[in-house]
Amino acid sequence: MTTTTADARSQPGAGAPPATRSAALTSYDVADFSVPTMRDEDWRFTPLSRLAGLHDGSFVASGTPVKRSVAELPSGVRIENVGRDDKRIGTALVPFDRISAQAYTSFTEAFVLSVDKDIQVETPVVVDVGGGDLDGASFAHTVVDIGAGSEVTVVLDHTGPAVLADNVEVLVGDNAKLILVSVQDFDSGSVHLQHQRLKLGRDARITHISVSLGGDVVRQFTTVDYTGRGGDAQALGIYFADGGQHLEHRQLVDHSVPDCRSNVVYRGALQGKDAHTVWIGDVLIRPEATGTDTYEINRNLVLTEGARADSVPNLEIQTGEVVGAGHASATGRFDDEQLFYLMSRGITAENARRLVVRGFFAELIGRIPVEELRDRITATVEARLAEAGA
Amino acid sequence: MSTLEIRDLHVSVAIADGEEKQILRGGVDLTVKAGETHAIMGPNGSGKSTLAYSIAGHPKYRITSGSVTLDGEDLLSMTVDERARAGMFLAMQYPVEVPGVSVSNFLRTAATAVRGEAPKLRTWIKEVKEAMERLEVDSAFAERNVNEGFSGGEKKRHEILQLELLKPKIAILDETDSGLDIDALRVVSDGVNRVSETGEVGVLLITHYTRILRYVKPDFVHVFVGGKIVEEGGSELADRLESEGYVRYTKAAV
Ligand SMILES: Nc1ncnc2c1ncn2[C@@H]1O[C@H](COP(=O)(O)OP(=O)(O)OP(=O)(O)O)[C@@H](O)[C@H]1O
Ligand SMILES: [Mg+2]
Numbered sequence: 149m150t151t152t153t154a155d156a157r158s159q160p161g162a163g164a165p166p167a168t169r170s171a172a173l174t175s176y177d178v179a180d181f182s183v184p185t186m187r188d189e190d191w192r193f194t195p196l197s198r199l200a201g202l203h204d205g206s207f208v209a210s211g212t213p214v215k216r217s218v219a220e221l222p223s224g225v226r227i228e229n230v231g232r233d234d235k236r237i238g239t240a241l242v243p244f245d246r247i248s249a250q251a252y253t254s255f256t257e258a259f260v261l262s263v264d265k266d267i268q269v270e271t272p273v274v275v276d277v278g279g280g281d282l283d284g285a286s287f288a289h290t291v292v293d294i295g296a297g298s299e300v301t302v303v304l305d306h307t308g309p310a311v312l313a314d315n316v317e318v319l320v321g322d323n324a325k326l327i328l329v330s331v332q333d334f335d336s337g338s339v340h341l342q343h344q345r346l347k348l349g350r351d352a353r354i355t356h357i358s359v360s361l362g363g364d365v366v367r368q369f370t371t372v373d374y375t376g377r378g379g380d381a382q383a384l385g386i387y388f389a390d391g392g393q394h395l396e397h398r399q400l401v402d403h404s405v406p407d408c409r410s411n412v413v414y415r416g417a418l419q420g421k422d423a424h425t426v427w428i429g430d431v432l433i434r435p436e437a438t439g440t441d442t443y444e445i446n447r448n449l450v451l452t453e454g455a456r457a458d459s460v461p462n463l464e465i466q467t468g469e470v471v472g473a474g475h476a477s478a479t480g481r482f483d484d485e486q487l488f489y490l491m492s493r494g495i496t497a498e499n500a501r502r503l504v505v506r507g508f509f510a511e512l513i514g515r516i517p518v519e520e521l522r523d524r525i526t527a528t529v530e531a532r533l534a535e536a537g538a
Numbered sequence: 094m095s096t097l098e099i100r101d102l103h104v105s106v107a108i109a110d111g112e113e114k115q116i117l118r119g120g121v122d123l124t125v126k127a128g129e130t131h132a133i134m135g136p137n138g139s140g141k142s143t144l145a146y147s148i149a150g151h152p153k154y155r156i157t158s159g160s161v162t163l164d165g166e167d168l169l170s171m172t173v174d175e176r177a178r179a180g181m182f183l184a185m186q187y188p189v190e191v192p193g194v195s196v197s198n199f200l201r202t203a204a205t206a207v208r209g210e211a212p213k214l215r216t217w218i219k220e221v222k223e224a225m226e227r228l229e230v231d232s233a234f235a236e237r238n239v240n241e242g243f244s245g246g247e248k249k250r251h252e253i254l255q256l257e258l259l260k261p262k263i264a265i266l267d268e269t270d271s272g273l274d275i276d277a278l279r280v281v282s283d284g285v286n287r288v289s290e291t292g293e294v295g296v297l298l299i300t301h302y303t304r305i306l307r308y309v310k311p312d313f314v315h316v317f318v319g320g321k322i323v324e325e326g327g328s329e330l331a332d333r334l335e336s337e338g339y340v341r342y343t344k345a346a347v
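Residue numbers (the working numbering), protein chains in the order written: chain A, 149 to 538; chain B, 94 to 347.
Hint data in this document are derived by calculation from the structure and do not stem from the laboratory.
Fair warning: there could be bad hints in the mix.
Claimed, not checked - Partial pick of chain B residues on the chain A-facing surface, computed with a CB cut under 7 Å:
1) Ala179
2) Gln186
3) Val191
4) Ala211
5) Leu214
6) Thr216
7) Lys310
Stated by the list, open to error - Label-pair ranges, simulated between beta-carbon atoms:
8) B/Arg215 <-> A/Ser262: 24 to 30 Å
9) B/Gly338 <-> A/Gly391: 56 to 62 Å
10) B/Asp164 <-> A/Arg515: 44 to 50 Å
11) A/Arg515 <-> B/Asp332: 52 to 58 Å
12) A/Glu220 <-> B/Lys213: 54 to 60 Å
Keep in mind the model is a prediction, meaning the values are calculated, not measured.
Ideal placement from N, C-alpha and C gives every residue a C-beta, glycine not left out.
Same shape as in the complex, but just chain A:
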């Protein structure tokens, strides 16, 4: 794959440094934040006019709130709808931008999924998030609380129509191991602006897999915080933007504790007119975070003309004592040599491209421990390729 194309940018080091972002104002009050504009570093890639007014208070307030439901609840796992005064709310997350604060101010009931201590939950817990509409805005708050020493897979599956701004706080207890798959697959016309904050205990491990396929605009901000040594965060992402879609993924991995690891791997494909993806990967290694091991990479495969991928890795290292720290970003079109090799074996151009795209995502999709979900993502990718005649 080539490293750059005319309509794809990769700007290592551009933009606000992670330290600045991590020091940004945090507040529960919308009024404390000014309305974002295209001139703001954090918003310059985002199509503000397509956010249904979620960013400036001009939204229509009457949206049907999304509902969260779990079809099969394994023992040791509890779900509750709780009032705003529940003490678990706000333990991991304080909003740091206006939309997140708007969501925080406006939700009525929070959804809490908690897992007992020291248990192994074999079956994945699939939370269906849906039932919204496109008529007005909906706000939500979710807490995922994994007890110390437990192992579990949780899926947040966002489907149907929605104009949604929400916050998700994830607490992974000491020694716990969580695989959290977040699927953004809302209907076309939907807007989904989400802040997920992952807080890891000592020796806690999370594999966070973000999959963005549907919706008119998706902007997901994922923050990783460590509270004890030995924390390990694998932040993986898969996205496929079709014509007109804006899919934006931002991460801030805040290494503030010694001896923790992070590995950020996002891969995206784009096709069609005005398909736009944004990946901003911020990693901050604070002076006290010695022994940190981190790597972040974003790769984009631009399948057709007229699509644009922005990709900005930002790595800020404030200590000399790291185990490893690196970043990479590559955006390109199909590799001609790969296509030639496949076609020289009789495989049509269309099938060769399909093989390459499938291969591009295969490893990341393979990390999702839910077969139906893997199949669904693969099927969506294939259907989109077929549709575009790629």
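Take the given structure of chain A and dock chain B with the ligands to it, following the hints.
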């Protein structure tokens, strides 16, 4: 019985910024029939791979004049995949890595394309297994990604594995013998001979070494210098090249 006919081929390669460099300047006339084995030998940079890639349809090469036909059909007007389905096969000098695509998936997709229908699963698995055993390719390779992390020799065996499974009419082997250890050379040569002994495949073997010609007996040897065939003969010509080198041709070409 299939016949590949190459006539008066002129080929240029795209170098930087729209510039082109003429590599084959006519003087390549070659007829390869099923059952025959032709060896092409020539110094580095003389255009052997250019010839092979142009016949396969690599986008980097532009044919400015001349013709290539397979059983009278114009190959040059076909797309790369159409050429392969018409019966052409190129074992590449530098096989390409295709991340995320497993060998087993790749082989089955290719066989389906070339044969026009998906091979029956049960017989296919057996067919692949046997071919892998003959080429002494470990069965674990089936689950690895195409050419990814393969050693030089493993890549070459994987090319011959495809040759055996895809059963083309004409096979061009571009330095398949380079980088092979003694045992691998024998295994690969046996593979080529098995294909060739069917009498249904014409083989065009590009090589630098007479080593492989001890196992794979060529019916014809062509000396390729400066983008042209400068001499043709039987297998004795290869022996003479081995002892004398290309000096007399390169001198004559100047
Ligand atoms: N992209 C390119 N830019 C410039 N020159 C090129 C390019 N591709 C091929 N050539 C030149 O074309 C000539 C023929 O190359 P070719 O690969 O066909 O040689 P070859 O006979 O196969 O050599 P070898 O025995 O080393 O494999 C060489 O001089 C090579 O440098
Ligand atoms: Mg060559």
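So, going through the hints one by one against the coordinates:
| no. | hint | in the structure |
| --- | --- | --- |
| 1 | Ala179 | violated, 9 Å |
| 2 | Gln186 | violated, 12 Å |
| 3 | Val191 | holds, 5 Å |
| 4 | Ala211 | violated, 12 Å |
| 5 | Leu214 | violated, 19 Å |
| 6 | Thr216 | violated, 19 Å |
| 7 | Lys310 | violated, 27 Å |
| 8 | B/Arg215 <-> A/Ser262: 24 to 30 Å | violated, 50 Å |
| 9 | B/Gly338 <-> A/Gly391: 56 to 62 Å | holds, 60 Å |
| 10 | B/Asp164 <-> A/Arg515: 44 to 50 Å | holds, 49 Å |
| 11 | A/Arg515 <-> B/Asp332: 52 to 58 Å | holds, 57 Å |
| 12 | A/Glu220 <-> B/Lys213: 54 to 60 Å | violated, 39 Å |
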